[in-house]
Amino acid sequence: GENVEQHPSTLSVQEGDSAVIKCTYSDSASNYFPWYKQELGKGPQLIIDIRSNVGEKKDQRIAVTLNKTAKHFSLHITETQPEDSAVYFCAAWDFGNEKLTFGTGTRLTIIP
Amino acid sequence: DSGVTQTPKHLITATGQRVTLRCSPRSGDLSVYWYQQSLDQGLQFLIQYYNGEERAKGNILERFSAQQFPDLHSELNLSSLELGDSALYFCASSVTVGPGSGYTFGSGTRLTVV
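Protein chains in written order, with the numbering used here: chain A, 1 to 112; chain B, 1 to 114.
Derived contacts from chain B toward chain A, CB cut-off under 10 Å, selection only:
1. F45
2. S101
3. G108
Hints in this document: simulated from the structure, not taken from any laboratory. Backbone N, C-alpha and C define an ideal beta-carbon position, used for all residues, glycine too.
Work out the full structure: start from the sequences and follow the hints.
Rendered as structure tokens:
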């Protein structure tokens with residue numbers, strides 16, 4: 001099955017600076033990589049996803065990059081704001097088990 | 001509101017007891033997933049149902065069971081509860097099974113076992 005590793009586990013960034021969260025996956029057959037944001041007391045929400053036929057996708061201040069050769073993908077948040085503080089989870093599609101496999105999460109804190 | 005409804009939001013019960021958590025998927029979604037999230041931990045996959053049939057099992061204890069009903073709502077049953085079962089339990093749903101089927105999560109049920 002798929003194994004997803006996520007780093008760092010915690011990240012503190014000054015407001016206005018950029019934040020980068022990295023994930024690696026093990027199954028070269030994986031072709032779908034979503035990112036979820038979990039705010040305190042809420043369920044995870046999909047914020048952006050990428051499929052293996054593209055290398056980068058942007059949505060305003062959020063971007064995701066994918067390196068299929070190295071089997072890693074990253075979330076980039078630019079011009080960070082206090083409301084970006086949350087736990088972020090990456091995930092990869094596990095073909096063998098037909099489900100998403102999640103990383104262990106990154107707690108992002110934006111320092112005003 | 002994500003469209004996935006979980007009840008109850010909070011549950012406090014004693015060790016040894018049995019509880020049932022309920023999930024109504026987003027309209028049109030056929031697949032339901034259950035996850036456990038302990039304090040400051042990641043999302044541990046428990047079990048998946050698709051259109052009433054069990055599809056995949058994760059690290060689900062034998063004391064736990066689930067089912068998906070004809071109207072597609074799902075219930076997670078936790079029995080012989082232990083202190084370590086205290087956690088957030090999330091339900092997620094998706095249209096189908098396959099890559100690209102993004103999950104929509106509910107707001108969770110916080111279970112406290114005392």
